[in-house]
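2 protein chains.
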Amino acid sequence: MKSIIDRYERELVDSVIPFWESHCVDREHGGFLICLDRDGDPYDTTKHLWMQWRTVYMFAALAETRFAAGKRERWLELARQGFRFLVDHGRDAEGAYYFALNREGEPIVAPYSSGSDFFAVMGCTALFKATGDPECREAAIASLQTLLRRADNPKGRWNKRLAASTQWRAHDTCMATVNLGLVLGEGLGLAGLEGQVDEAIDTILERFWSEAHGVILENLGASFTPDLASPEGRTVCPGHGLESAWFILQHAEKNDRPDRIEKTCEVVRSTLEHGWDREFGGIYYFTDLLGKPPPELAWDMKLWWVHCEALVALLTGYRLTRDARLLEWFEAVDEWTWKHFPDRDYGEWFGYLNRRGEPTHMLKGGKWKTFFHLPRALLECIEQMEKL
Amino acid sequence: MKSIIDRYERELVDSVIPFWESHCVDREHGGFLICLDRDGDPYDTTKHLWMQWRTVYMFAALAETRFAAGKRERWLELARQGFRFLVDHGRDAEGAYYFALNREGEPIVAPYSSGSDFFAVMGCTALFKATGDPECREAAIASLQTLLRRADNPKGRWNKRLAASTQWRAHDTCMATVNLGLVLGEGLGLAGLEGQVDEAIDTILERFWSEAHGVILENLGASFTPDLASPEGRTVCPGHGLESAWFILQHAEKNDRPDRIEKTCEVVRSTLEHGWDREFGGIYYFTDLLGKPPPELAWDMKLWWVHCEALVALLTGYRLTRDARLLEWFEAVDEWTWKHFPDRDYGEWFGYLNRRGEPTHMLKGGKWKTFFHLPRALLECIEQMEKL
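From first to last, the protein sequence lines stand for chains P and L. Going by this note's numbering, 292 is the number at position 292 of the first sequence; the sequence numbering is gapless. Going by this note's numbering, 256 is the number at position 256 of the second sequence; the sequence numbering is gapless.
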């Protein structure tokens, strides 16, 4: 185990963090340049709020770890300048975060997704936790209120679904609640959410988890029952299932719920059985539960974040149960992941591989990839292994 | 050439038309079931208006060809029942076509794209041409008016781009105008559009075509100049370039513009030089002009429609110029296409192949594939070869 911990630590400290520290800070306008090519050169200066706030979160969270020795103030300063830029430029008149700003901080894409507000809460909370700055706490609570206000219709007036459409219940909404609960509970000391978090976990384990099919369904019908007649209702996203699982495992450990731990480890094993590519290895991005055509063209690609979340889920589950099947799966996912994703020439990881594991994009950051899933997973994996 | 014509005819008559005739008609509710799996089994009953109207267009257009002998009335009836269903159920209070209806005809996705109206004009016009039914002509003109009303902001209130964003000029808007000009000129006898069509062609050949780079750019900045600092401005879609090219070639032939024919054949050759995959063959879906990361995950996939449009562009260009380089390209594209796309077991073609030419989806129809590009291309290719 020691050699695996070393490998994860070296990757975090020598490859991932230096890549982002060297390349992502916009010293001219503030905030971050996230759309970075293989060597760190920006290929787009658009500032997507999801990605900006995730980057604030990660620098702030890292500042609270042992890896921050001698670097804490530098990392906090990077997070703070991001916070400043985003709070000053990022919100519309009603307090919702836009989807994207241009480099100078002018809004260019409307706030059509409350994901921006979600990651603002996460980023502000992590920065408050690290600095104690009351402005960060206030900003976190303001965005939390925006998020709750938008809960019934997160896409707002950009929602294209009409009344006669199936009113889908989304797994990722529950997953986000559990994640928020973990971060807010620790960071802001708000206990009021606990009931909602508990309900979200039950909904995932009792409703979205289909024991009959051995997967978490991404979408349920209006009454939280499976609707397998349409592609939405048959969609499985193994990466989301695995990410949800480790949020639940950590919550169950803190709240002494061995029943949930056992069930969630079954979710992890079964999701991997379903999502693992037996021909080329790696975990699919999306599948159709019944093997019908998935709507996503790139369904069979292998994405870095899916593998990151799998590693965390497997190590957390193994530490809590010592189930040898989880360790075997960890070894398989670890081997495939480290063979295919790291970029040995320029540091950091490729994000997008084809089914065979060959990179289709050389980018290190983009509209949907930043300094987030990979360093968070490396940190979490190191912590799980150290506790073993 | 005779054996190639035979091959194209057999594919159209024995494989493509029977597949759709047997499987796509919704005899219970009207309209079409387009989301068909490999064997014709529907995997989704959503009725996307773009695809519905394209199907009306194709049955009506086919009824006007020599292949309709003994089948004309049957095909017109299929088009008519689609027309009836769509006109009765498809429009909102302002006359815009929704993006999607459910199987019963209730609107489920808002009219966020004027593409629905565009293909309504095409479908109604083709059906008017074949039947002379004044209701079809009226419906075509009504949707044309909707299209013109929406021209400044085709996405309406679902447009997420804000004022500070680059106001992109889209090549496909000009391409659609040229296509509409060809179909309306023939079908409705409306000459008023001719000036706009002429202007659209000039804009494509003088602005979107970048001689320096040898490609048609998908997006230009607000003043119709290249903006290569962002992914949008660097996007090349070879399939769109080739589709535009054959629309322009047919227009130029009718309007006696040899200057445009010569230039457009250069566009065709050069687009293929740029878009052809020299390692695995086939034409990429998208490229970044400067080789930076394309935003589309599936950029390196090989799509049926791209290859269909290439075949038409090459044969039309070759017939008009007898340029041997176009014939050589036709032979290469024809060989790759026929080797990889046709489904010899269930008929019709696979739509989505990975870079190596292996199908990633078994579907024959879906949200973006119906009875349209393939039969239209087979018809156009047969016509070009017969004239040779």
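What the hints contain is simulated information worked out from the structure, not anything from laboratory work. Wrong hints could be hidden among the right ones.
Straight-line C-alpha distance at most 20 Å; calculated EDC-like pairs for lysine to aspartate or glutamate [said to hold, decoys possible]: (1) L:367 <-> P:296; (2) L:160 <-> P:104; (3) P:160 <-> L:106; (4) L:263 <-> L:335; (5) P:387 <-> P:94; (6) L:367 <-> P:232; (7) L:160 <-> P:345; (8) P:387 <-> P:296; (9) P:367 <-> L:334; (10) P:2 <-> P:232; (11) P:129 <-> P:186; (12) P:263 <-> P:335; (13) L:387 <-> L:6; (14) L:367 <-> P:288; (15) P:2 <-> P:331; (16) P:160 <-> L:256; (17) P:160 <-> L:232; (18) L:367 <-> P:300; (19) P:367 <-> L:296; (20) P:367 <-> L:94; (21) P:160 <-> L:6; (22) P:367 <-> L:300; (23) L:160 <-> P:92; (24) L:160 <-> P:186.
Covered, in the sense of this in silico footprint (three residues per stretch, anywhere, with C-beta under 8 Å from a C-beta of chain L), are these stretches of chain P [to be verified]: (25) 70-80; (26) 218-227.
Here are some chain L residues the structure puts well away from chain P; computed CB gaps all over 10 Å [unchecked claim]: (27) 37; (28) 67; (29) 134; (30) 225; (31) 266; (32) 300.
Here a beta-carbon is modelled for each residue, glycine too, at the ideal position from N, C-alpha and C.
Structure-based check of each hint:
1. L:367 <-> P:296: OK: residue 367 of chain L and residue 296 of chain P at ~11 Å, within 20 Å.
2. L:160 <-> P:104: Roughly 19 Å between the alpha carbons, so the hint for residue 160 of chain L and residue 104 of chain P holds.
3. P:160 <-> L:106: Holds, because 14 Å separates the two Cα atoms, which is no more than 20 Å.
4. L:263 <-> L:335: violated, 26 Å
5. P:387 <-> P:94: violated, 44 Å
6. L:367 <-> P:232: Judged against 20 Å, a Cα distance of about 13 Å means the pair holds.
7. L:160 <-> P:345: violated, 38 Å
8. P:387 <-> P:296: Not OK: residue 387 of chain P and residue 296 of chain P at ~39 Å, beyond 20 Å, violated.
9. P:367 <-> L:334: violated, 37 Å
10. P:2 <-> P:232: violated, 43 Å
11. P:129 <-> P:186: Measuring from Cα to Cα gives roughly 8 Å; hence the hint holds.
12. P:263 <-> P:335: Between residue 263 of chain P and residue 335 of chain P the Cα gap is close to 26 Å, so the pair fails against 20 Å, i.e. violated.
13. L:387 <-> L:6: Distance of about 14 Å is within 20 Å: holds.
14. L:367 <-> P:288: With a Cα-Cα distance of about 16 Å, the restraint between residue 367 of chain L and residue 288 of chain P holds, given a limit of 20 Å.
15. P:2 <-> P:331: Distance ~14 Å between residue 2 of chain P and residue 331 of chain P Cα, so the pair holds.
16. P:160 <-> L:256: Status violated; Cα separation ~45 Å.
17. P:160 <-> L:232: violated, 24 Å
18. L:367 <-> P:300: Status holds; Cα separation ~18 Å.
19. P:367 <-> L:296: Given pair residue 367 of chain P, residue 296 of chain L holds - Cα atoms ~11 Å apart, limit 20 Å.
20. P:367 <-> L:94: With Cα atoms ~35 Å apart, residue 367 of chain P and residue 94 of chain L exceed 20 Å; violated.
21. P:160 <-> L:6: Given pair residue 160 of chain P, residue 6 of chain L is violated - Cα atoms ~45 Å apart, limit 20 Å.
22. P:367 <-> L:300: holds, 18 Å
23. L:160 <-> P:92: It holds: about 13 Å lies between the C-alpha atoms, which stays within 20 Å.
24. L:160 <-> P:186: violated, 35 Å
25. 70-80: Check failed, 0 qualifying residues.
26. 218-227: Violated, because only 0 residues of the segment 218-227 of chain P bring their Cβ atoms closer than 8 Å to Cβ atoms of chain L.
27. 37: violated, 6 Å
28. 67: holds, 29 Å
29. 134: holds, 31 Å
30. 225: holds, 18 Å
31. 266: Given a closest Cβ separation of 29 Å, the condition holds.
32. 300: violated, 6 Å
Checked against the numbered hints listed earlier, the structure breaks hints 4, 5, 7, 8, 9, 10, 12, 16, 17, 20, 21, 24, 25, 26, 27 and 32; every other hint is satisfied.
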